[in-house]
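Those sequence lines, one after another, are chains A and B. Numbers in our numbering are just positions in the first sequence, counted from 1, shifted up by 1. Numbers in our numbering are just positions in the second sequence, counted from 1, shifted up by 822.
You can trust all of the hints, since none of them are fake.
The list that follows gives simulated cross-link-like pairs (lysine-lysine, DSS-like), each with its CA atoms no further than 25 Å apart: (1) B:K917 <-> A:K177; (2) B:K917 <-> A:K174; (3) B:K845 <-> B:K826; (4) B:K929 <-> B:K826; (5) B:K929 <-> A:K174; (6) A:K189 <-> B:K917.
Derived from the structure by calculation, the hints contain no laboratory data.
One letter stands for each residue in the lines below.
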Amino acid sequence: MSLSERAFTNMHDFLKKNSGISVQKDKMYLLESRLNPLVRKHGISSLEKLVDMVCSDQTSAFAHEVIDCMTTNETLFFRDSYPFNALREIVFPELMAMPSANIRNIKIWSAASSRGQEAYSIAMTALDVLPGADKQVKILATDLSPPAVEYAKGGIYSQFEVQRGMPIQELVKHFKQLGDSSWQVNDKLRGMLSFNVANLISDNVIHTVRHHSEFDVVFCRNVLIYFEVEERRKVIDRIAKVMRPGAYLFTGNGERVEGENSKWEAVNYNKRPFWKMLSAR
Amino acid sequence: MSNKILVVDDAKVVRVSLGKIMKKLGFEIFEAEDGAVALEQMKSHPDIAIIMLDWNMPVMNGYDFLVALRAQPKHATLPYVVMVTTETGMPSMLKALAGGANEYIMKPFSESIIRDKLEILGIEEPR
Ligand SMILES: C[S@@+](CC[C@H](N)C(=O)[O-])C[C@H]1O[C@@H](n2cnc3c(N)ncnc32)[C@H](O)[C@@H]1O
Ligand SMILES: [Mg+2]
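The following block holds chain B by itself, in its conformation from the complex:
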């Protein structure tokens, strides 16, 4: 598995703070500000191992990106997709899981929660 991680969020502050945590854990960070840019990033870096994915974004939202990603045979199960979102209702969680998300983080996130979720997915921190 590569150390590459794609952080998708329309808010720059979120991309920066999430990126900072993941970088500290040893990951190489790629960014996208919406689902459409994220699809482009996946085309250029198909070996990205984890996607941290916001839900509400302009142009293409996180859920639509997830469905489009999982529709590609080579991404049917990988990379891992972790939703990181203010959508904290149970129906959203069920929808994301059915759409192929692997984990779900309700904002606000913290480093401890992120590390727990990586451990749950069996992902070792590179550092």
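With the rest of the complex left out, here is chain A:
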């Protein structure tokens, strides 16, 4: 089933308004291939009808399901490895050398955490290098997708997922094996994380995460690419509002910071940049 011009425009606007994701005309096939399964699953008469349903009630559970279908949830443990090595070698040592290091918590936000692999990888990295990290490091994992956040909360991963990106030494150290060839994160790791649904393109996100602020480190990886440039700027500025000056931001490989009001300094780790926030607000 294919989409009329009008339905495409409506769907495009709906997605952009609710998730920030901008689907270009040449990605029409993507809309169709991802939404047709939903048409069949819910026994809807046509793709056009699906678009009408979603647009007439944009906050329904069904609308959420459609957004979830259109966002790419793919992720893996220790993705690209360099951010975690940079935490280990640069960021954590610097945080531990600060005068207040032994009294305050280290706060980290994984801002598009998908099914949680990124946040748990941060936690494993912290436990590997900081004695007492389970008490001192607090990680907030948020995502637009409620099912992804629920999945992260459960901390149970398939045999396939635990093999993607994760060194075997981390698996045997931080996971327990469940009967059905799935694996669950240990309580120690789980206890370092908290979870929330949060939409980066809404100003509400600041309130949702603020009680955890100010963050020392933020990961916002492999989500900025789906936004257009003005949206990216706004998202970066929102994130900057909940970071302390001097804090670090990790973007996806190839994603750069484009904030209007915040100033950033690129720090290079093995020729890949991450960002130190110089000033904000």
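Starting from the structure of chain A, add chain B with the ligands where the hints point.
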């Protein structure tokens, strides 16, 4: 580091499919159907850089091969040994790691998992 890789598995289909993936990544493939043949291969090609190693095999199993290999001073730390096995229990993993394995893949494997594990070991794909 050489581009040579030794695939050790008693099942020919596994040797073929693993070999195919590794060949695509640019490696030169050597094969063995059990641990004893693998030891011979290591004697003829001591510069093999990676061994993908099944556990359950006749004649000499993967674990016994691993221990025999690491007992040789020149192979105490290299080549890298990646277990590729249906032994998916935590105790087997701990045993293999203590025996000198560097990585562990639970079957069924996939190309994405293999590439991730190579990256973890810091091995660049030749191609
Ligand atoms: C490709 S995953 C990236 C996961 C992880 N950060 C990584 O790098 O592997 C993209 C995630 O962004 C989430 N996402 C998309 N739009 C979002 C928005 N407006 N606010 C928050 N999360 C969003 C999706 O639900 C998805 O889980
Ligand atoms: Mg076998």
